[in-house]
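Residue numbers (the working numbering), protein chains in the order written: chain A, 1 to 170; chain B, 1001 to 1295; chain C, 2001 to 2605.
Hints were generated in silico from the structure; no laboratory data involved.
Over 12 Å on every C-beta distance to chain B, these chain C residues come out as not near it, computed from the model: (1) N2064; (2) G2070; (3) V2111; (4) K2427; (5) T2456; (6) F2459; (7) D2512; (8) E2528; (9) G2546; (10) Q2553; (11) Y2563; (12) L2597; (13) S2600.
What follows is a list of derived Cβ distance ranges for each label pair: (14) G1135/B to L2457/C: 47 to 57 Å; (15) I1017/B to G2133/C: 33 to 43 Å; (16) L168/A to T1279/B: 48 to 58 Å; (17) K37/A to G2392/C: 31 to 41 Å.
Calculated pairs, EDC-like style, for lysine to aspartate or glutamate (alpha carbon to alpha carbon, straight line, at most 16 Å): (18) K60/A to E2528/C; (19) K2384/C to E71/A; (20) K2435/C to D2481/C; (21) K2386/C to E71/A; (22) K120/A to D2118/C; (23) K167/A to E139/A; (24) K31/A to D2151/C; (25) K31/A to D2118/C; (26) K2447/C to E71/A; (27) K37/A to D2151/C.
This structure is a prediction, so every number in the text was calculated from the model and none was measured. Even glycine gets a Cβ: it sits at the ideal position worked out from N, Cα and C.
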Amino acid sequence: MKKITIAVLTLAIFSLAFKFDGQKIPSATLKKLDGTKINSSTFSNNGKPMIIDFWATWCKPCKKELDAIAETYEDWQKETGVKLIAISIDDARSSSKVVTDVKAKGWTYEVYIDENQDFKRAMNVNNVPHTFLVNGKGEIVWSHNSYAEGDEAKLYEELKKLVKGEKLEH
Amino acid sequence: MKKKFLLLCFFLTSAFIYQSCDYVINAVPAGTASTGSGSTTGIIYRKVLIEDYTGHKCGNCPAAARELHKLDSLYSGKIVPLAIHAGFYANVTPTSVPAYPTNLKCQASTDYDTFFGNSTAGNPNGLVNRIGFGGAAFIKQWSDWGSSAYSMISMPADFKITISNTYNVGSNQVTSVVTTKALNSKSGTYNLVVLMVEDSIVAEQIDYSLPAGSQYVTNYVFNHVVRGAVNSSWGDQIIASTITAKDSIVKTYANFQLSATWKYKHCKIVAFVYDALSTSTTQYEVLQAESKDVN
Amino acid sequence: MKKTFAKLILSIGICSASSFFAQENKNTQSVTGNFQIDAANYSKDTLIGADPGSQVVRYNSFGNVNYAYGNFTAGVRFESYQPPLLGYLPGYTGTGIPYKYARYRHDNIDVTVGSFYDQFGSGMCFRSYEDRGLLYDNAMNGMRVIFTPKDGITLKGIIGKQRTYFDLSPGVVRGLDGEINLTQLFNNDSDYVKNYRHFAYKVRRVPKKTFRGIKRIFNKNSLRDSTAYPNDSILYRPLKTQIIIGGSFVSKYQADQDPTLVLPENVGCAAGRLNIIRGGFNFYAEGSYKINDPSYQNNFSYKDGKGLFASVSYATKGGLTFLFTGKMIDNMSFRSDRNATNTIDMINYSPAITKNHTYMMMAYVPYASQMNGEIGASGEIQYKFKKGTLLGGKYGTDVTFNGSVMFAPDTTGLPYAQDSIRHYKYKVNYGSVGKEFFHDVNIEIGKKINKHLKFTLMFATQFINQAQVQYNTLDKKDHPDVHSKIWVADVTWRYKTGKAIRFEAQNFLTKDTVNAYGSGSWMTGLIEWTPSSNWFVVLADQYNYGNKDATKQVHYYYGSLIYVSGPTRITLSYGRQRAGIFCAGGVCRFVPSANALTISISTSF
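Required output: the full structure, derived from the provided sequences and hints.
Encoded structure:
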């Protein structure tokens, strides 16, 4: 039990001590839906913010989140110029399902497959869904793990703050 | 230049592919199988203790028992086989369908299984001289026993164990005198474990290698079944820190009572010496083993 | 453990300190990482047969620390399981840093020294992979070089030993892989003619007629410079055919010391793949061949191994999608230790093509790829009824229809697993199939009624040949076939912005004995309450009401409290965990029942 207490304390210290301060998007090779490859460090949105969302075809909350955002995505784009990049962590078992799921859902996001999970590791994602906000300079400024009903509204609040240049909170 | 480079790459790749495939025509070794070089006169070699962790409800376990039998005949007199019945698959369930009423478990078997974690890792599996404790290769599949034993049977031994048994038919008791002689000077802590082992027990076993419908065997023959510890599961300390070459330690275990259900003619005493120093990197490794019939 | 943590903290400290001093440098430095710990306190529960033994406190924990400086990255993962939670492989008991790497990337070269994960194609000959949740980790430890001489060409070379618990495998794995995107290679530059000539030069011996055909394929596609649209995903791009071909060769070496058999020390596996993508159409096929590879898993058969995997998908613009996959494998277990079992030392991977269910009762009798041999097919059709249509309603309706069936290969010759014929070579009749392993036909409907209410309904009918799939025996007396029908209703009621209640009702209906530990039908109920976006409360109960043994008609209650803030997630739960079959990496194994108080924390920075 003592060991666990130490581990828990260490975790707490780390989560307090480290904050995102201008960390750039790390570099990893991803697969586009058309079979070609793209490096994550080239992600850009012409100075506008981006949302990077990790998901998987077998992950129910992930799809709920992306569905919920899809409903208002057009408004978000108009208001903030945001672009959502959905990163699927499906392995070979389900990666062929990514295209069909995206099309069936009618999502208009940029979708890339992280089949080898290099990008997931580089972004330190433990579990999906995991959502990141990236500012116009390509720096990661906010992140959130898991999805609860209504989280998309909160994400939008943070996004608006980011556009206005206000301080973000979890 | 570029062309030559590509040609070289192609050549190297082909060579790699060619080198990387061993096609085996005859799976069985030609002539008699190699049984190691342990034949030079005057040298005493290690006898290898192979423990088969098993259970009568484990359908894949008879395959391991057959392998142990095969190795026993191949390395005749060079290995000491043990069958450890422990864990879930060895539970006695006289009323289940099919029924397994015969108890082949004992305290020593359960002690080893609990400590080494064999049955939680999934039966069948085993230990060969208990080498590699704490490492990934400690618990071994039966298919690995032969390879592991092969590398040890040609190793000169540090100890020589001599067992002499006196059986009293009237009291159904055995007195064992176990002499451990150091062949080289050694430092460290060494324990001696003495076990009672029974062969040719006929009981129930499930065997998945048989055709469907006839997998429940009522007259399966169990060999090398550990029945109990004559001293204790983890043995007696015989060497505390050092021993000089040629010195002997004699231990006498008087009047060990055999259970009435055991057939004394099928019983044998197995003794082995292991490294018991807790700071040793080879802790629990068995350095020498020996077996001797009760009568 | 304390000491190792201290070391970790120290190293992070140094790294972050050095990052302050290096502010001037145009290459930014960063230290990032994540941590997770799952700890449980088990108690004895005779009613469900849970007995944790003497070690009642168990935990799984790991922490990653990654350092990046320009093109250079390095990282370590600290792991500790003393011992691992019940249900995980006990061999993982230990503490250490099994994962450490340094990687340098520049222009067209990418070199990794240390631990790495990678895969060739779909993984039929090589895939090193991790799933921390399942404690599946067969990381390679050695070296990897990725060379990209030109856009569209990727060459990989790997060598090393696989992770085996906290050790390394006895065998060495080495491999080569090449992938060429033909479309990109011949159509990438705006100077199409140059490429065409280059291509023409290389295959000048091919008759002109064939040539025109090839020319047409690539010519049809636009000549525009794709670098002008670097971030366009296919969704925005006009139709374009991509043809990607690839090939790989992987070999393992393990010394042969077996006295009773002549074992091949070098075993090779080769695979080739083809992928054609055009708009919503995607075709992928991969075939593999492995030479004689006697192992514990294939019962020391000296037969060669073969595998074929193909998938076709098509998505229309109207929201209708099709996905069909077919698969055949025979004797394709390929491990860096021929004596390995479970998920240890697997070099390759064969994805199960059956649906990966998320609802508990849907996955009650899971299927895993049978590496010794299986033949099967699956299909999925999805359609979204549009908003405003009769079936679509105000928000649209999602319908998914999925089906899959798997069989044993039709083998003639001798029965499996007989020691006397340990090294036999059986034959496979590819024209037909053997006994059925599994089937699953299911339909899922997702619908949002209004702003407050949405639901998912699902129905499935499943069959599993437990004896052969999970227990490797032909005897069905102990492990009979299971026919089941399952339904699930999942309703979410969002009563206020950011506040919701979700209900799940699931029913697993069967008359058959499922596994050795439980039988008959099950009912599951779950309530998940989200009072705010930071909190979740979950209450669940699984009830084995159909067990023929009345004393085993047990409730498996379970409660959980979850707190989420940014990347941090803390879960506290208490309850019974039902015994079950746990499948990871194509291998299923039995997990005992348990009664535990569990805490898990995960965060990233």
